[in-house]
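Number of protein chains: 2
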Amino acid sequence: MLLRMSTLFVRTLREDPADAEVASHRLLVRAGYIRRAAPGIYTWLPLGLRVLAKVEAVVREEMTAAGAQEVHFPALLPKEPYEATGRWTEYGPNIFRLKDRKGGDYLLAPTHEEMFTLLVKDLYSSYKDLPLTLFQIQTKYRDEARPRAGLIRGREFVMKDAYSFDVDDAGLDASYQAQRDAYERIFDRLGLEYVIVAATSGAMGGSRSEEFLTPTPIGEDTFVRSAGGYAANVEAVTTVVPDALPYDDAPAAHVEDTPDTPTIESLVAVANERFARPDRAWTAADTLKNVVLVLVQPTGSRELLVVGLPGDREVDLKRLEAAVAPAEVEAAGEADFAAHPELVKGYIGPGALGPNVDGLALDDEGRTAIRFLLDPRVVPGTRWITGANLPGKHVFDLVAGRDFTADGTVEAAEVRAGDPAPDGSGPLELARGIEIGHIFALGRKYAQALGLTVLDQNGKAQVVTMGSYGVGVTRVLAALAEANHDDKGLAWPAHVAPAHVHVVATGRDEAVFQAADELARGLSARGVEVLYDDRPKVSPGVKFADAELLGVPLVVVVGRGLADGVVEVRPRAGGDAQQVPVVDAAEVVAARVAALL
Amino acid sequence: MLLRMSTLFVRTLREDPADAEVASHRLLVRAGYIRRAAPGIYTWLPLGLRVLAKVEAVVREEMTAAGAQEVHFPALLPKEPYEATGRWTEYGPNIFRLKDRKGGDYLLAPTHEEMFTLLVKDLYSSYKDLPLTLFQIQTKYRDEARPRAGLIRGREFVMKDAYSFDVDDAGLDASYQAQRDAYERIFDRLGLEYVIVAATSGAMGGSRSEEFLTPTPIGEDTFVRSAGGYAANVEAVTTVVPDALPYDDAPAAHVEDTPDTPTIESLVAVANERFARPDRAWTAADTLKNVVLVLVQPTGSRELLVVGLPGDREVDLKRLEAAVAPAEVEAAGEADFAAHPELVKGYIGPGALGPNVDGLALDDEGRTAIRFLLDPRVVPGTRWITGANLPGKHVFDLVAGRDFTADGTVEAAEVRAGDPAPDGSGPLELARGIEIGHIFALGRKYAQALGLTVLDQNGKAQVVTMGSYGVGVTRVLAALAEANHDDKGLAWPAHVAPAHVHVVATGRDEAVFQAADELARGLSARGVEVLYDDRPKVSPGVKFADAELLGVPLVVVVGRGLADGVVEVRPRAGGDAQQVPVVDAAEVVAARVAALL
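Residue numbers (this note's numbering), protein chains in the order written: chain E, 1 to 597; chain D, 1001 to 1597.
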């Protein structure tokens, strides 16, 4: 393969695109790999498409090697199967919906569990037909609220999705493991660092789920790991619950005047100044913060929720959303407070909250119907400073379990570095990553909803158990760009690069172009993929800058050295330049390429 | 490659699907290649996907060989570019439209002229950048009123679309020819018979357009050809216009009572009975039939149109729609007639029609504002029997040009076998075909609308001239199935077949399965693509029927003959079965496969 820059459909840009927040987006656009067509929707130019095809090929090979069979579903699908599983509603505004000319409801599929389930139902009927794993590499659609970071969170993107079908749980375990192993091989082959973390199943349902994350500071997913081997995304981290404390000797709760303390900080200062405790200073961790939020269901219905948590922690909306999926969470607005005068902003306490409150009910309005959930750390016997539901007043020594209870607990508090791993494997450290794969042991949710059964050995109908396994193919490409670049441009690993060798002819000497042309053709004849910069009137500086931006792994410069019978071979990612006799160049460079692949 | 029927995701069906009208649809579904997901929307199963990939590969190779560069555009696109060219409206109900969560208007692209134009505008600016041809193989969407015939007229389908960009007309001619040549190579390699016919440009615009049709009785396109080499689709056929006739000696028009003659047939009978002419009998060709139709614009606006044509011809709606594009045409309904009492059903004549009517105006209501167009054969001096716009009355000897004129002519009459070719190359014969490719010399319509210019040698901005070139990839696959089947099933040409060899193990003898397994692996090791029917408890009859249905070109039966040391090799498409010693079988069969490819 030989691409000539003089005719290749590419234009490099010296300026960063205005909307690019991350390196992969910036460089893929600047290097002419992709182009924005609409927010979160991209066009693939020739070089980008070549890289994408190579990533797809690795995914396809490993899926096939793992025994999965390739099929291809439409992107445009009728509503009915998604209605049967509830996802038509659950996806809320996150899917694209449309009507056809006859008024029929359709969607652009964000994922295909329903269709695979129905297809297998359509074709198979016996336990002997299973196990089965199918996959596709297909264009998916999600109407993201905030498409961002180029290919990392798009609205039209390529995904490999696979689905396994088994007659029993042991079968599902094996199918899940086979896909998990294939994912490891895929990311190993692509040279992409990854961490496998425990995850929540969210709207997908199912019993077990893991994410493959590639660590990068620009990742939008936060995950945790411990030195002892625990790894999870923050949504999946469960709080280590302390033991309940005895409170027989605890003093009675007492309300105090604490004017002008609308924040935790001001409250702690006043408490230490005016209600100092003998043993130690009050800290934010002694306060119980009650945060008013709104749950928005996919149907659009809204419900207030108050989350009580230690005052030294913030609510992590993504953790809370994972806990209340498919609802989304918003901060309460002025209108919400106006509708609930019993919520005294800055002085909210459990006294007036929830149907199960035993304790203080300091206002005259009676109890509210607002749902009240506690952080798991608020175990019986813990003592709190918290709002008294009266302006300028807080209550001290309010004891959980004695003075108040709630409607339950919720994992809504932020996870912090140093928190204990739930499995006891030590303190957690936090890192950021991009989700490049996600595997789910779905269980029987979809098969049940859509009636996928097979007859077992005894002729009895058994609901099939399923797994679902996704790789964000276009996102993987972006992650590769994130992991393989410097400030000058991209630096692709050889097996996904759009070409193996970038031959640059410099100057205006006819002999140079002739030699470069011959070398390019010689390499191509040896099976090397060559990008040849044959542009006649472009300066060496521009050509070198383009070579650095485009990121082909080996750059061969044919220029002044030709007078001495040599060309220069430079690895794009760094390393020594090598002078190679021009007569051997095709042979030597082809061998270096072979070593890289 | 080795696929085992025992695990392959396929189920053959003995019954035809209820909705299948044509062989390709029936057999592709029965053989487990595709599956309907919604009207005109199909899922690809493993065998179908393999064939599709092979067709795509041929298209891709020939596009690349013709110098076209591959890119990939989104399917989901914003409205604005399509509004700039008017196609957002022109496509009417034929495209899928949707809104995103912010209320922005989007469409699922039916074709990508606008986006390619904008991309080239974005990247290129000089005549030196041209010529350029880009292509993609991509999923397209059209909300067909009547999706039919399986893959032949679908709503989601795969298309190869290419676009050329040139600075001048000579360049466009060369680019157009290069694509035309590539299309010939594609269809030659696929072994698909084709006819290149002149076509109309329709809603696409442009100066020149040709269709590639594959002849088949089930085709929905009618085309014509002459022995002298003329070929066109019926929409593009222009009527050979006879010379005007002198009418100085023609008798004056006269109205006659012709009760109970609402049809041409009854009118001709009455004319011959009561108004016989001396020289010959009246025929339907002596009558002028005036057909009331409704033009429906993409905006939904409706306008009545009357077409006058010889009574022996019907209006061909597709020809008329090509002439009035982007409007569509409907028959007038009762409400239309009720709104226009001057239209006396069964007795409509030109007297009261059109602003330019000279002649008889037999009613007292004055002239109507209805547009009136004539068949080109109705030249001045032709004499007609036609409606007198009064119930039960016709007018005789009404002379075109003397007694009536119209708002113009229109190519709306059906083309019939025996009609003269417009280029004088002899009488036309009619045939049916499937449109598998369509090439357009678009000219400057899109570049003008979207501002794509380049600077020429003199630094002057020139509007770029474009071509657009489509191959219906999924439709080509269906056409291949139409051309390669018999009543037992499919019979693929080797280069697009899902496998080269179908090894069938029959009986229950362990030795047979062992030998078949060894042969299948031996063939696979030689690079032969093998489908191996290793199902243990399936009868030979079922296996043979499946092999005939699936259509792999060579069938190798390992069965009873094994006792004598032979296997049988049968070509699926017919021809003698050959007994081959089992020890040589892999070698011999691999050689036969090589000869087929």
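Rather than coming from a laboratory, the hints here were simulated on the basis of the structure. Please note: incorrect hints may appear among the correct ones.
Stated by the list, open to error - These stretches of chain D come out as covered by chain E in the derived footprint (C-beta under 8 Å, 3 or more residues):
#1 1033 to 1045
#2 1186 to 1196
To be verified - The calculated lysine-lysine pairs, modelled on BS3-like cross-linking and capped at a C-alpha distance of 30 Å, are:
#3 E:460 x D:1543
#4 D:1543 x E:543
#5 E:79 x D:1543
#6 E:537 x D:1121
#7 D:1099 x E:99
#8 E:543 x D:1079
#9 D:1079 x E:99
#10 E:488 x D:1460
Backbone N, C-alpha and C define an ideal beta-carbon position, used for all residues, glycine too.
*Could you check the structure against the hints above and give me the numbers of any it violates, in ascending order?*
2, 4, 5, 8 and 10
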